[in-house]
Structure formats: C-alpha cells, structure tokens
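Start from the sequences and build out the full structure, keeping to the hints where you can.
Protein chains: 2
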Amino acid sequence: MAQPVDEFDLIARFFEPLARDMPGAFGLRDDAAVLRPDAGYELVVSADAIVAGIHFLDTSRPDEIARRGLRVNLSDIAGKGAVPLAYTLTLQLPSETDEEWLSSFSGGLAQDQREFGIGLLGGDTTLTPGPLSLSINIFGQAFENKLIKRSSSRENDDVYVTGTIGDAFLGLAIEKGEIDLSSSHDRAELVDRYRIPQPRVFVGPKLVGHANASADVSDGLVADLGHICEASGLRADLSLSSIPLSSAARSTVTDNQPLHLSLLAGGDDYEIVFTAPKTAHDALVAISRESGVLITRIGRMVEHKIGAPRVIVRDIAGDQLALINGGYKHFGRSV
Amino acid sequence: MAQPVDEFDLIARFFEPLARDMPGAFGLRDDAAVLRPDAGYELVVSADAIVAGIHFLDTSRPDEIARRGLRVNLSDIAGKGAVPLAYTLTLQLPSETDEEWLSSFSGGLAQDQREFGIGLLGGDTTLTPGPLSLSINIFGQAFENKLIKRSSSRENDDVYVTGTIGDAFLGLAIEKGEIDLSSSHDRAELVDRYRIPQPRVFVGPKLVGHANASADVSDGLVADLGHICEASGLRADLSLSSIPLSSAARSTVTDNQPLHLSLLAGGDDYEIVFTAPKTAHDALVAISRESGVLITRIGRMVEHKIGAPRVIVRDIAGDQLALINGGYKHFGRSV
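Residue numbers (the working numbering), protein chains in the order written: chain C, 1 to 335; chain P, 336 to 670.
These are calculated hints, taken from the structure and not from any lab test. Mixed in with the good hints, there may be bad ones.
Claimed, not checked - Reference excerpt, derived from the structure (chain C facing chain P, CB under 7 Å, subset only):
id	residue
1	32
2	40
3	42
4	90
5	137
6	239
What the hints assert, rightly or not - Here are a few chain C residues that sit away from chain P, every Cβ distance over 10 Å (derived from the structure):
id	residue
7	20
8	98
9	155
10	196
11	227
Even for Gly, the Cβ is constructed at its ideal location relative to N, Cα and C.
Written out as structure tokens, the structure reads:
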C-alpha cells in the first residue's frame with residue numbers, strides 16, 4: 001500500500017461495521033462502551049493475547065489469525081459454562097500492514113462474529129516495530145453464581161473431555177514438517193484442527209448444573225486438568241486407552257506410545273475437560289447427543305498424595321506411565 | 336536475571352497479590368473472572384494499549400510505564416462520568432525482562448490500585464521479540480443510562496475543561512531536549528505532568544446530570560473536542576485567552592503565539608473537556624471547589640457550517656486563528 005493507514009479511517013472502514021449490532025459500542029465513536037448482561041446473569045471476562053511467531057505461524061492468513069484470536073478466547077468462556085456476548089480488540093500492526101491484510105483480517109472477525117453471535121465493543125489500534133499481535137478481552141454471561149470453577153471438583157468425580165485430543169498438536173507438527181502422513185485426507189483434517197480451533201461454546205453452558213469443575217484445554221490435557229486438580233486439592237487418575245482420538249490421530253500414533261502420550265501434553269485442543277459426579281452421566285450422554293460433540297469419560301478424581309504428580313495416566317494393564325512434560329507453556333513458546 | 340521467568344511463577348509472585356481484593360478474579364487461578372456492577376449501575380468498558388517507543392519513552396521507569404498504562408485508561412472512564420472498578424492486563428515482555436523490572440512494574444500497579452480503588456481482574460503474559468507493550472481493559476460503573484456521551488452536546492452549551500492544558504506537551508518537549516526552561520521548578524513540574532498523567536476520576540462522576548457531552552483529552556484539546564462536535568453535529572467556538580494554563584506553561588509560551596496555539600493540539604493532557612448548559616454553571620463552580628480541580632469555561636457550542644473546521648479558536652480581538660494540526664494521532668506517533 002502506498003499510503004500509510006490513518007487510524008480513524010482504518011477504524012471507520014474495517015472495524016466500525018463489526019460493532020453495528022452492539023448498541024453499547026456507540027459505533028466505536030466514543031471513549032468507552034456499555035455492557036449489560038441479561039437479568040439473572042453476571043458478566044464473565046477473559047483476556048488472551050496472541051503474538052506472531054509465538055502463538056501462530058508467521059505465514060498464517062490474516063482471517064485465520066483473527067479467528068484464532070477470537071476462538072482461543074471463546075474457548076475460555078465456554079470452559080466456564082458461560083455464553084459469549086462481545087469482545088474488545090487491541091491490535092498492534094507492523095507498519096507494512098496494508099489494506100488487503102486488514103480487509104481479510106476484519107473479514108475473519110465478521111465471519112466468526114456471525115458464527116458465535118458476538119460483536120465488537122471497542123478497542124485500540126497502534127503501529128508497532130515488533131511482530132503483529134492482538135489482545136482480546138471476551139465478555140460472556142453466566143447464571144449468577146453458576147460459573148463452573150477450577151476449584152470445585154470433588155473426590156470420586158468422573159473426569160470427562162469433549163471432542164478429541166491431540167489433533168492440533170499433530171496438525172502443527174505437520175505444518176512444521178516434523179511428521180508426515182500418507183493419507184492426504186488425514187493430513188488436511190489434522191492441520192485444519194490446528195489452524196481453526198473449534199471452541200465448545202454450545203456444550204459449555206449446558207454443563208452448568210452437571211459439572212463440578214471445568215477448564216478449557218489450551219495448554220494440554222494434562223496441564224489444564226492439573227490446574228483443576230491443584231485448585232481442588234485432588235489428583236486425576238486417567239487411562240490412556242480411554243483418551244478420545246480422531247481416526248486420523250489414532251492411525252498416526254499406532255504402535256508409538258511416546259507419541260500417543262505426547263498428545264496429552266500437546267496444546268491447542270480447545271476442548272473442555274471437566275469433572276462430574278456419577279449421577280450426571282445420563283445428562284451428559286444427552287448433551288453429547290444433542291450437541292453432536294463427543295463427551296468421553298477418561299478417568300476419576302482421587303485423593304492427592306503429596307509429592308506425587310497431579311495427573312497420572314495408566315496403560316491398559318493399569319501400570320502408571322511416565323509423563324515427560326506436563327503440558328506446553330504458551331509463555332514464549334514458539335510455534 | 337540468569338533464569339528465564341516461568342509464566343506461572345511470574346503470575347504468582349508479581350500479579351496474584353494485585354488481585355487479592357477482587358473476589359471475582361479467583362486469585363488469577365481460573366480461566367475467567369466475574370464482574371458485578373452495583374445495583375442500579377451498568378458496566379462501562381474501555382481499552383487502550385501502550386507500546387514502548389511509541390506511547391512512552393524507552394527510558395521510562397517500569398513503575399511509571401505501569402502507572403501510565405493504568406492512568407490513560409482511567410482517564411477514558413472518568414471522561415464518561417463513570418467510577419473505575421477493575422482492569423485486565425495483557426503484557427508483552429521482551430525476553431531480557433528481569434525480576435527487578437517486574438518488581439518495579441507491579442509495584443507501580445499496586446500503588447495506583449490503592450490510589451484509585453481498583454484491582455486486577457485477569458490477563459495474560461507473553462514474551463515478544465518486539466518492544467514491551469501493555470494492553471489494558473478498564474471496567475467502571477455508571478448509573479444506568481447516564482454515561483456522558485460525545486454525541487449529546489447541544490447548541491449554546493458552554494464548553495469547559497478541567498485542570499490546565501499543554502503541560503504534558505511541554506513536558507515531553509523538555510524530556511526530548513527540544514525546549515529548555517530557565518526555572519528548574521517549572522521544568523520539573525511540566526515533565527512530571529507528562530510522566531504521571533492525573534486522570535480526573537473524582538471530577539468525572541460528579542459531572543453526571545450537569546454535562547451534556549464529554550470526552551477525555553488524550554489526543555489534544557482541539558482533536559477531542561472536535562470528536563464531540565462531530566458526534567453532536569455542532570462546532571465549538573473557543574477563545575485562546577480563556578484556555579487554562581499552568582504558570583509554568585504560561586511563562587513558557589509568553590509572546591509565542593504559535594507555541595501557545597500548539598498546546599491546544601498537543602496530546603497527553605488527560606483532562607476532561609465537556610459541554611453543559613448555562614444553568615449548570617453554579618453546580619460546576621461547586622464541583623471545582625469541592626474537588627480542588629480547576630474547571631474553566633473556554634467557549635461555546637454553535638451551529639456547524641459545512642466545510643468549516645469543527646473547532647475554531649479566536650484571539651483577544653475576536654479574530655479566528657489558524658490551527659495547523661488538529662491534534663496528535665496516537666496511532667504510530669513516536670514519543
């Protein structure tokens with residue numbers, strides 16, 4: 001682009017249309033916005049930033065970057081049983097950002113706004129000499145005092161997870177050329193699971209009243225379940241064979257137990273891991289059927305032993321397997 | 336620091352203590368937070384990011400960077416007549432960030448949390464190969480449907496501004512060595528006004544019921560008043576001699592009308608510009624006395640003429656002065 005982008009012009013052209021259905025956003029023409037949860041609900045907030053080269057590949061398409069930014073935040077809200085409403089976006093753009101980039105980026109936001117029924121509430125745009133980054137605050141609503149916390153798991157709860165685990169981890173490894181698959185269909189499926197996270201926004205709110213504790217799986221199943229265990233003062237006892245895998249992932253890890261185990265530590269699943277009492281089982285089966293999302297029992301919450309790992313995984317013989325890495329830490333992790 | 340900082344360790348040591356008085360933050364140990372305005376109030380949100388080398392000098396002290404980040408956001412809330420409650424922080428740290436830096440930074444946040452009665456609600460921390468940046472979302476509450484908007488100014492309203500204008504602009508020019516002052520006292524006062532913004536959080540909420548329209552002055556008086564004019568379909572007619580200047584600023588611009596005028600276009604004042612009917616005058620005098628903050632009438636809202644500037648400034652003879660720049664645009668502006 002020949003001309004540098006003017007901030008006000010940029011907002012008017014690319015971002016104002018995204019705020020049209022949010023009356024409290026005042027068309028992005030004021031210094032603040034107003035947000036009202038429905039009667040009987042309380043406001044839920046979560047914030048996550050993503051940085052080029054750390055949380056997504058430098059080669060990512062602008063619309064995919066936008067959708068990733070929204071979806072990792074939507075996953076946090078879904079993991080708490082809340083329904084998403086709106087978001088704010090602060091965007092740091094390298095000076096070479098052009099109109100084509102902005103058009104694709106805002107198009108990605110628009111697409112996911114429609115898909116998830118949310119709108120843009122406000123934000124800030126600035127140039128940076130550093131990498132592109134976006135910081136999103138997402139707002140949702142939950143029934144008053146009904147947010148599903150990490151800290152409220154109970155001993156003997158069953159541990160469940162939505163969807164399948166490890167697809168995004170394998171998809172990223174394929175993108176980086178670290179592994180290859182003979183089936184182009186499997187390859188595409190796994191790469192897609194990495195590129196476009198599928199936050200479980202329709203399942204999350206249905207878990208209210210059934211799940212005792214929950215978290216979204218972003219840093220890896222073992223790490224995020226570990227957070228529930230620590231916050232609740234318990235440990236989780238899982239069986240490797242019960243971890244739900246897609247057929248593409250299953251064919252990849254056949255006869256490779258270390259790789260199979262590493263899926264439990266890989267990040268970017270954006271599923272929900274939760275614990276629930278035995279009495280919730282039938283309701284969970286119904287929720288799975290209704291939403292079309294797999295819900296699988298993978299283990300049980302037990303008493304914690306001091307010094308022992310928070311999450312243990314057993315093979316089919318019941319022997320405890322060694323986990324090398326408790327989960328990726330997104331802080332400074334390179335994609 | 337010899338060791339790289341672990342994200343969870345960093346949060347526990349430097350940020351968790353900042354969330355202690357916010358029950359809805361769950362000790363920063365969950366994926367989302369809950370925020371409840373008081374009965375009869377609605378939630379107000381604003382977001383602003385600041386980037387090293389663009390919005391503050393690379394040489395700034397960490398505690399000052401933290402306080403600047405909070406205060407530019409507090410100013411947005413104050414400018415709408417709302418009372419601040421809490422904030423989220425997403426922080427992008429260069430890899431060389433050490434514990435000393437983090438300790439000073441979080442100390443600055445703690446200091447301003449106490450001063451303004453707010454708490455940390457959540458956030459995200461990540462490394463970046465780029466410059467240090469922080470993105471803050473600030474939350475406040477305003478009486479339901481009482482947020483003071485930009486768009487509701489009326490013809491014949493008086494235009495008022497809090498505090499004094501131009502100090503921070505001169506303070507930055509001194510910091511950059513562009514101007515010098517003989518009085519070290521004046522120099523220190525102006526530099527301080529640039530380094531530590533003083534958001535008008537105690538005045539803002541008192542303007543509810545008196546001001547028809549308002550905005551905080553961050554991009555320059557002419558630019559921000561211009562936004563009120565545009566949103567309200569009016570123009571503002573100001574008198575240069577009525578613009579309130581500190582004695583340090585007054586001595587600097589004596590006999591230098593171009594510099595005097597440039598104060599109206601300089602940014603970083605973090606005052607409130609607002610319009611109010613004549614009937615509000617006595618109440619505003621009382622608010623000024625009660626808060627100890629100067630409130631000055633600087634002009635009047637009049638009918639807009641198509642093609643004319645939104646804000647005009649007259650000299651003492653009533654002649655219109657030429658404004659070279661309508662206000663700084665923070666987008667990509669270098670400090």
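Non-conforming hints, listed in increasing numerical order: 2, 6 and 11
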